[in-house]
Structure formats: C-alpha cells, structure tokens
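With the hints in hand, could you dock these two chains into one complex?
Taken in order, these protein sequences are the chains called X and Z.
Letter 289 of the first sequence, counting from 1, is numbered 289 in our numbering, and no numbers are missing.
Letter 56 of the second sequence, counting from 1, is numbered 56 in our numbering, and no numbers are missing.
Derived by calculation from the structure, the hints in this document are not laboratory data.
A few of these clues could be false.
Straight line, CA to CA, 20 Å or less: simulated DMTMM-like cross-link-like pairs of lysine to aspartate or glutamate [claimed, not checked]:
| id | chain 1 | residue 1 | chain 2 | residue 2 |
| --- | --- | --- | --- | --- |
| 1 | X | Lys275 | Z | Asp87 |
| 2 | Z | Lys121 | X | Asp78 |
| 3 | Z | Lys197 | X | Asp168 |
| 4 | Z | Lys242 | Z | Asp420 |
| 5 | Z | Lys191 | Z | Asp207 |
| 6 | Z | Lys276 | X | Glu180 |
| 7 | Z | Lys377 | Z | Asp298 |
| 8 | Z | Lys121 | X | Asp83 |
| 9 | Z | Lys328 | X | Glu180 |
| 10 | Z | Lys431 | X | Asp78 |
| 11 | Z | Lys277 | X | Asp168 |
| 12 | Z | Lys431 | Z | Asp301 |
What follows is the residue order along each chain.
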Amino acid sequence: MTTTPTESPEAATPPPGSGPAAKTSTTATKVPQGHRRLLTRRDRLTLGLMAGLPTILHVALVWVTALASILLAFTTWDGIGFDSIKWVGLHNFTELFTNNPQFWPAVEHNIVWFVALILIPTPLGLFLAVQLDKNIRFSRVYQTAFFLPVVMSLAVIGFVWQLIYNPDTGLINSLIGANEPGHYIDWIGDPDLNLWAILIAASWRHTGYMMILYLAGLKGVDPSLREASALDGANEWQTFKNVIFPTLRPTNTVVLVVTIIEALRAFDLVFVFNKGAEGTELLSILVTNNIIGESSRIGYGSAIAVVLLVISLAVIIPYLIATFRKERRA
Amino acid sequence: MHLTPSGLSVPGTSRRTLLRGIGGAAALGAGVPLLSACGGSGSSAGDSKTVTVGSNASDAVPKKAFAEIYAAFKKQSGLTVDVNTKDHNTFQEQINSYLQGTPDDVFHWFAGYRMQFFAAKGLATSIDDVWDKIGGNFPDAMKKLSQGEDGKSYFVPLYTYPWALFYRKSVFQEKGYEVPTTWDQLIALCKQMQKDKLVPIAFGDKDAWPAMGTFDQLNFRTNGYDFHVELMAGKASWTDAKVRKVFDLWTELLPYHQEGAVGRTWQDAAQTLASKKAGMYLLGTFVGQQFTNKADLDDLDFFAFPEIDPAFGQDTVEAPTDGFMMSKAPKNKAGAVKLMEFLGTPEAEQIYLKADPNVVAASTKADTSSYSPLQKKAYDMISGAKSLTQFMDRDSRPDFTSTVMQPALQKFIRDPKGVDSLLSSIERQKKTIFAS
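Just chain Z, with the same shape it has in the complex (with noise of 0.2 Å):
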C-alpha cells in the first residue's frame, strides 16, 4: 500500500472509487424495494397487444404444454401472452406477496378454499362476463367450483384428476384378486395380499400432504361429502364421534399401509406399486408420471374407495381442479379477459391433455375420443359423482392444514394409539385459527 509521510493511506482517486462504491451501494438500498416490487413483468405495462400469466407450471411437460395454448391463442387472437414462471413451491409461497404486488393479468391457481380466500380478500377480479360465454363448456359441478363466498365467478377450470387407489391389472389377474367395493372387501383383500408377502397398501407422507388424501377419502366415506365439508370449513368439531369413528377405521388400515411412510416420498411409494411389491397406492391420477415404462403404464389401473356406509356409498369423488383467475387490476383487462374465455374453450383443454395425459379436462365439451383408458376411467368416475371434493388443504384454511393438521396426521400414522389427546388438540388449535 502506498503510505502518505502522515501514515494514512492514499486518498486522491481511492476516494473517488470509494463514492462510487458509495452511489453503487445507494442504488442497490433503492433497488431492494424495487425488487421485491417487479415479481411479474412490469415491462409490458399497458401494451394491449400482450396479456400477462403467472405461471406456476415449472414442470417440463405442463410448460410446454401451456406454452402451445398460448400459441393457439396468439393464433386466433392476434394477443401475445407473456408468461411469467416461477417454481411451483415457490410460487404457492408467494402468492400472498405477489398479488399484493404487480402481478401478471392472469394468473395459475387452484378451485375451492383457495381460490375463494383470495377472491374475499379483494385480490382478484370477478369473472362473470367470462363464464356468460364459456358456461355452456362446463358442467355445474365445475362452476359451483369456479364461484366465490359472494356467488361471483372468479375461475376459468382447465383440467382436473380424481384421487383412487391404484393397482397393477396383471397382479390382480395373477393373483386372482377382485376390486374390492366395501370396507369388509377391503380389509379381506389387504390380509390376502399380506399372506402372498405383498405391501397391501404402498405409503409415503414424507411431504405431509398424501396422508390428507387418505383422510379425506375415509371421512366422506363414513360421514358423506356435507360432515366433509362442515368438518373442513372449521364449523364441525374435531372432537365429534364421527370423525373418532373416521380415525378408528383408518387405525384398522394402517397395517396393511407402507412401513416408514413419514421417511418415504411420495415418489418411492409409486415405486413399489411400479416394481409390483405392493398391491394398491391411493393417491391421484399424477401417480402415472412414475410410471416411465410404458407396458407398464398400461397395466395402471384405479378403483374408487370402497363404500363404508350404504347411505353415502361411493358417491363423492375428491378431484383437485386447476385453472386461472385474473388479478386484481389487470394491465391489460380486455386482453385478459379474452384469454379467459380462451381457455375455457374445449379446444384449449385438448391442447393441454394432448401434452400431459395424466388429467383430464374440466369441461365436458372437450373431445375424449384420444383420451386413454386410464384417462377415461378417470372421466367417467369424476363426471358420474354426486358431489366433488378439492383436497383437504384445497377445501380449509391452508394455514390450518399445514400447521396443524399436516403434523398431526404424521403423529396419527406412526403413533395411532394416542388419537384423543390427538383430535382434542386439533380442535384447540382449530379453534384459535377459525377465530382469527
């Protein structure tokens, strides 16, 4: 270092630096708020030749298959769509964030609770001229979903896929197993599996999420689809005999589930159904993507859950329905509404199914003449239900499901004796987030 005779270091043009380094460090404090501000893509701001979308579609087949609905439309309406993408976890973390902030005209989102908690909190914008045009595509089941607390519609459906247990055709035709279609038939199948040294029922809920599955599909089972809805909306009690009875039975099944399920993905318990040492999966319909082979993709087949009461029998089907909403102050509201009604077209839903034949389409007009057997098993079970359910932290307060009930559920599989103290719990805690 250069010394001045005083012993401090040189200033002269080190100072000069220094300042810029001081500008440079100003500019980045001015750019934090900045940053954080510009989440969708401030850069077509009011051009109306472009519609904005907030994609969560990170996934190499949805993306691309989204990116040829957005051609398609381009196509027919001369609009370009500019596609904001985010990773899907980090996407559903941010949402509250970003529709705080300037989100993109469009956005990917989920039907239910969900959709109807943003909508009541003002952060969308009711798209009931979209659902006069698109209507007629939908069943009435698909626009209850699409409605808000307030009756307004606020969602566009693309596709959906219902949640059964699924089984390999050639073990059961080898073993010589039947579907089962109530409870009795369920649990003599599980015990018949187990003596042929078969996993009766593969498991995973290292994720927290696919143990809801298995709750959601006992309790509409024991307590039909109306108790599911009361018990999800916080207004049934936790504590209530019927959903002791719900976790008595599902006590019964756990034996005959997966060892380890809360160190297991959801993945590898696909793998042991796929590698046939085990005999059923309940999970939906993506259960086919871990099915790389295509022989045996083939042999993937699904049964609705048995019945467990003859007053209920199997009549709700639970299907998660994904699609669009729009935000709160759109750039471009024409553009987007016209993208709306684009997607709610049977043409756009083809376009998708095409590219990811793992779901199937939410409106009814869609033409199922290419859909696989899987696709159109799947088709009939969700277009014959009486009533549809989301998912568990698709139909209640995802605060609740995941704070609460996604550790609760992963003390109940590893430890079932200890269910009172459990659902007691549960209910404290429900009480206070309900409230709040």
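So here's chain X without its partners, still in its complex pose (with noise of 0.2 Å):
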C-alpha cells in the first residue's frame, strides 16, 4: 500500500488505443509536479472515512452498549427515564444466584445444548459428508437435502417442528394415538422431554451445517494421501482413522467453534416452541423476559447477559490464546 505510486490514476486511462485522446487526457489530470506524497488530501479523508466511520460505529453499537449493559448490571432500572436508574450493587447477581428459581436450569440448558450438538449432529454431519465424498449416485441430491434446514430460518423451524410436536394435532401423537386422555405425550409442555425434543429439531438443521463444513474439509483432502494409504493396504475404516481424520483438524477447530456458538446463542428455536418455559429455559431467553415488555428489569436482565458474556468469554479467550499461539510458532 505505502508504494503507491502517484500515477497510478494515469495507468488506468484507456489503453493508447487511440493515440492523442490519450494524451489529452493525460494533461487533463494534471498531477502536479514535485507533489510526491504517498497518498493526496481526498485519500486520506477517503481512508480516514473508511476506517473512522465503521470504528465509531463499531465502538458505539458493540463497546458502549456492552460497556453499559455491564454497568446496568449493578442497578434497577425500569427503562423510563435516567433518573429511575439506582444503583444497587451486587443485588441483581445474589438474587440471580440465589432467588431466580429459573436461572440454574438455564445454564445447564445452555451446556446441554453444546454438549448435545458435539455429540449427536456432528459426527453424524461428518458421517454423511465422509458418504457424499465418494460421489456416490445421487450425491447432489441429498447434499440438497441435508443442506436444505440450514438455510431455513430457525424461527421456521421452530413452526415446522410445532406441527410435528403439537401433543394435541401432531404428527407424532396423531400416529401413536399418544393425544387420549390416560397415555398422554406432552412433547412441548413436559419439562422432561421437551428440551430434547427441541435438540432434535435444533440437530436437524445443525447436522447439515457440520456436513457442508466437513465436505468443504474432505475437498481439501489431498488425493495422493488415499492413494498412499490404499497402497500400503489399509481398508476403508483405518484411512479414515489414521490419515483422513487427522487432516481435518482444521475443520474439526471450525466445528467446534461454530457449535460453541451454536449453544451460547440459542434463542429463536425456543422462543417460537414455547417461549423457553419449564424445562427449555436458555440464558438468552431469561435476558429478553427480563428487558422486553412494558415495565421492565433493565438491570436485573442486563445482569443475566452479563453472566452470558463471561461465559462466552471463558470460552473465547483460550481459543484465541491457542490460535496467537499457533501463529506465533509459525
């Protein structure tokens, strides 16, 4: 970039095509002599426009707000007006703690959620991608397929699932006969089993996400290492095993990372099922109760999302460690 050089604008006048318009055009420029800067006035407010604007949008709608809801944290506020806001110290937290009788459950729901999507999705995504990578017939077909909940909204997911769900109508209960009076399954309200059967609808859409990002990794698989491993005789299982496996772990970081995620930000699945009610309770879910509606627990809720960010942090910041690490080494 520093190497710019000033008549860059002139190299990008149309070819000497035809000759004198080219050179009309040249003079026309008039790039001034002896003015040897690297970049002109207009670029460097160009730049400045560039990089300050994002910054200062960035900084007020990530930092500030993050900075104020963590602040927010140690007071009550019922959202109207500035001067309702008190400041109450640690008393959000030791209610949270102690009193929320909502707040436990949600926690654990969250790493339910994570420990689920590691354990069911994934290796069936890696499962279906290591099936697809054979070109087998029909493979785009059910790349489709698979794919096709990905790109669907979780919100119609949440919709889609209902209908299969619904303990009254349902698809499920209709066809099992489980919505009489006496043998009744309560899929949505039934706190031992609703959170699963939501992790079922989340892991539908989730195994085609872990499949596409294994098939990308399975791409990239150098072809001479099949080859090699072919050679020396080892079945199908054991190039999987020892040398395909081992070249993913890229991939595999990816995974894990987007999982995390995944489970952290869990939401909209839930809020359409049944609104996180018992048993499906989620972080997420706690802070918009809180906030959204018409008098609200500003700072109680903020407290709740700051909880949510030290969580996402504790698991942020060591993978980022590794990866400076990593690059560091390298």
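Encoded structure:
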C-alpha cells in the first residue's frame, strides 16, 4: 500500500488505442509535479472515512452498549427516564444466583445444548460428508436434502417442528395415538421431554451445517494420501481413522467454535417453540423476558446478559490464546 | 478486474462510488436514531385537523371496528384520525419506548395497574375534563377503574368482557348436568363428566397467562376481593395460609383439567370444548372467537365460577377492560380531547360492538337491544358485580407477573406437590421486585 505511486490514476486511462485522445486525457488530469506525497488529501479523507466510520459505529454499537449493560447490571432500572436508575451493587447477581428458580436450569440447558450438538449432529454430519465425498449416485440430491434445513430460519424450523410435536394434533401423537387422556405425551409442556424435542429439531438443522463444513474439509484432502494408504493396504476405516481424520484438524476447530456459538446463542427455536417455559429455559431467553416488555427489569436482565458474556469470554479467550500462540510459532 | 501496473485495482470512478457508499453509510448511521424515534407518525405534526392514534388492534375484526368509529368521528367533528397500527404483542412489548419517544396523541391501552403505572410515570395526560363530559355514561366501577393512583382520570374505557366457565348447552341438556353454584357441586359435576368420558375442564397454558385466570377466580372466591387486591399489589404475602388454601383447592381441581396443559394453546383448548370433548372451559368471552360455526356459537353458554366461601359468594367478577389513554404531550390536544369524548359516548361503543360481538360495552348507556343472549348475560354479570377485577397481569406489576408468576404457575400445574417451596420462592422474588 505504501508503495502506491501517484501515477496510478494515469494508468487507469484507456490503453493507447486512440493515441491522441489518451494524451489529452493525461494532460487534463494535471498531476502536480513534485508533489510526491504518498496519498492525496482526498485519499486520506477517504481512508479516514473508511476506517473511521466503521470504528465509530463499532464502538458505539458494540463496545458502548456492552459496557453500558455491564454498568446497568449493578442497578435497577425500569427503562423510563434516566433518573430512575438506582445503584444496587451486587444485588442483582445475588438475587440471580440464589433466588431465581430459572437461572440454574438455564445455565444447565445451555451446556446440555452444546454437549448434545457435539455428540449427535456433529458425528452424523461427518458421517454424511464422508459418504457424499465418495461421489455416490445422486450425491447432489442428498447434499441438497441435508443442507436444506440450514437455509431455513430457526424461527421457521420452530413452526415446522411444532406441527410435528403438537400434543393434540401433531404428527407424532396422531400416529401413535398418544393424544388420548390416560396415555398422553406432552412433547412441548413436559419438562422431561421438551428440551430433547427441541434438541432434535436443532440437530436436524445442525447436521446439515456440519455436513457442509466437513465436506469442504474433505475436498481439501490431498488425493495422493488416499492412494498411498490404499497402496499400504489400509481398509476404508483405517484410512479414515489414521489418514483422513487427522488432516481434518482445522475443520474440527471450526466445527467446535461454530457449535459453541450455536449453543450460546440458542434462542429463536426455543422462543417460537414454547418461549422457554419449564424445561427449556435458556440464558438468552431470560435476558429477553426481563428486558422486553411494558415495565422491564433492565438492570436484572443486564445482570443475566453479563453472566452470558462471561461464559462466552471464558470460551473465546482460551481459543484466541491458542490461535495466537500457533501463529507466533508459525 | 482491471489492474494497474502497480497491481492495485483501478481507482477513479470506483473510488467515487465508494465515497458515495460511505456517504450512504453515514446517512444510515444517522438514520438509526431517527428510525427509532419515528414510532409515531410525525408527518402530521401540529395539524389541527388530524388526531393520531397508536393502535394495537392488529386483528382484522377489531381493526375494522375501530376504523368505523373513526369514520363516524370524522363525520361528527370534521377531524381526521390517523391510525398507526402495530402488531398486538409488539405494541405491548414496545409501549415503554413508544411512550417515551414521540407517541401518537391517543393510544390504545388497558385499565388497571397497567394504566396507573404509565400515569404515575408521567407518560400520560390526565383527562378529568373529558370525564366531566362523559362521566354520566359510565357506572361508578368504571369511573374508578379509569383513575390513576393520584385520583385523576387517565383512561376512557370502551369495552369489557367477563371471565367465566363456558359450556355447551346441548351437552348439559343431553347428559342432564346442572350448572354448579358451589364448590362441592363443581367437583361432583367434574367427577360425573369424567365418568361420561368427557374432559371436565378444558385447559391450555402454553401462552402462560390462562392459568392466571384460574388463580384469580379461586383466590377471590376463597379470600374475597380485598385480599386479592392486596396480594396483587404486593402487600399480602404469598406464604400466607390463605394463599396456600387457594393452591390446595386448585390441587383438588387439577385432576379434572385437560392433560398436558403447558403444551397447549388456549385456541386448541377451546377446540376441545367446541368439539364437545370437554365439558367446561374457564376463559374470557373471547372464547367465542373460536366457535366459527354459527350453530355452535348459539349453543355456547357460561356461568360464574361457583361459590367457595359463602361470605364472598359470587360477588366479584373478573372483567378486563380495554380503552384509550392520551399521551404525555399530544400534538393536537384539542383534537385528542374531542376524540376521547367521542370514544366515551354510547354511539362509539355501539359501532364497535356491532363489528365485534364477543365483548360488551363499558358504558351503561349503550343500547343493549342488539346484544346476543351471551352478550346480555355478560353485561348482566358485570353490572351486577359488587367488585370488578382486571386480570392478574393487569392488576399487578407486569414484570412480576411475567417473570415470576407465569413460570411459577406453569410449574405448579405440572407438579402441584411442590407448592410450599414454590410459594416461598414467589414471595422472595416478589419482595425484590416490589422493592425496586
């Protein structure tokens, strides 16, 4: 960038096909001789705007709001006028940790969400990707079918799965006759069932996502590795275990990060499904329930948001440290 | 891409477009606060011929009914009403920032604590002058309901509807059931219905508010109106033996409720009543909206929740009331006052009821001759009540009811055995919320 010659604008003029025309245009631009500064005033203004505006927007919309919610976490505020903000110290947090019957279930469910996504759809996605990578017939069709849920919004997925889970008129209960009194299965309301019902819906989508990530990773595997292992007489499983899977390491890191993010931001599917009622509480939903509404508990909701932020940082910071360390070594 | 010898992509025109892009981004940045501020319709600011109304009547039936009221108002006063309709739930969720921004002159709202809250916060204009003119149209209970904690009026009620136990006349006739008036009769009827392979009481609490209606009925029948009000205001304790009694009675009644209530919407529960699979259903008269077949709707009837303590009988009726408030600084105050006065007339109510026959007029002056038998009954029930309640989330702090009571009642419905720890948890959370 710093080597940009000021002559570059002239180079942009049409190639000397029409000789005289090109000449006149060069003289018309009048590059000031001896003005050997790297960037013109306009360039600097442009760069300033290009770098400055996003920075201002980023600071205002990300950092200021994040800091504001951290500050608000130590106050009570109903959201009406700034004079009603009252400092309460750690009260919101003690209240949250000791008195809120939904808080610990919410933390637990966020963790369950992550573990379930890692254990079920991730291996499934890898399996599908390996099968599709073999260029079987109708590979494109399968690929599209499995990837389709990823294209849909989670809110829409929530509606679709409600049609399946609806305890009175839903597909499952209608098929197995579990909508009669006496042997009734309440997929949405029973806290022993509803989290798993939602996780199946979430996995349905996540599998396709994982499949595409792994498929991209597999396409990057050098074919000569496969040839070499075939020559060494390795069977398919041995090849996968000892040759292919180790080369997928970068993909695995991406998968892990993506899954952690999915687990922490889980919200829309549950909100559509049953608004985070008994059995499906999530931190993101607690934040929303406390902050949005006619007389909101903004301080309290911010305290929950801060807990979510701390958990996110606890996950992200080790990842960043590991990544930077690797780069430094490289 | 066209590359210069130095390897950089061509500036010139592309740089200009880029700058234009930045200008656009800057405008967008500036537009963010603008966008959030223009919740109302600021375009007609200061226009003395227009009154703006913020409306949550996003459903087709009420939307059309209100449009007809405004058309009649224009004919009478020459003032145009500019309606800014928002989705019903979104309106409620945003009401806070809406009223602090640039709200419309007049807005739809609910009576009770929800009205008093915004009045106390200075986000509404008191309309005692309007009440001087329309006061004669309303009974005292409605007048009281329209007042803030400071005793000034802030609200013009338009319509109301009672909560009661709904049933189908044909089912009761066929099986020879009688309308229960006491708790023992209710339990006996439930048992009989169960024998007859009916779900005694339809129930759906997926939206988390219907269970509050059941609590309200049980509480004011058991402990009376005054205790109910104290409890809702955060003054009485949830660990009081009186509250425990309510939950004991509820535990007795729960087995007769439809199974799996937490996973069912009220609309689906209403369908079980419509299809005669359930015998009764405790809800507001809006349950009639789910009876799309005219013959079914004519077959629908209701009775007041049975007496529990003879000292209180059936003297309290839960009747949520909807109406209008004036925002804190209306742009066209004179016009807004005129509109509020018009909304308080029996004519305005009649126009509304013609289009939406599931509710009854708040005014005693409104013509009841065109009422359906169901509306007449609802009207008699409300006008004969000694005390009127709104609904748990309209009589108490909404932050308490939505973040504490809704999940607590859902928990209770699923597991009524854990009631003691549940009540002490409610009480602990209530103390913090009401202290803030």
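Results for each hint:
{"no.": "1", "hint": "X:Lys275 <-> Z:Asp87", "verdict": "18 Å, holds"}
{"no.": "2", "hint": "Z:Lys121 <-> X:Asp78", "verdict": "10 Å, holds"}
{"no.": "3", "hint": "Z:Lys197 <-> X:Asp168", "verdict": "17 Å, holds"}
{"no.": "4", "hint": "Z:Lys242 <-> Z:Asp420", "verdict": "13 Å, holds"}
{"no.": "5", "hint": "Z:Lys191 <-> Z:Asp207", "verdict": "28 Å, violated"}
{"no.": "6", "hint": "Z:Lys276 <-> X:Glu180", "verdict": "14 Å, holds"}
{"no.": "7", "hint": "Z:Lys377 <-> Z:Asp298", "verdict": "13 Å, holds"}
{"no.": "8", "hint": "Z:Lys121 <-> X:Asp83", "verdict": "11 Å, holds"}
{"no.": "9", "hint": "Z:Lys328 <-> X:Glu180", "verdict": "53 Å, violated"}
{"no.": "10", "hint": "Z:Lys431 <-> X:Asp78", "verdict": "16 Å, holds"}
{"no.": "11", "hint": "Z:Lys277 <-> X:Asp168", "verdict": "12 Å, holds"}
{"no.": "12", "hint": "Z:Lys431 <-> Z:Asp301", "verdict": "41 Å, violated"}
Consistency with the previously given hints fails for numbers 5, 9 and 12, ordered from lowest to highest.
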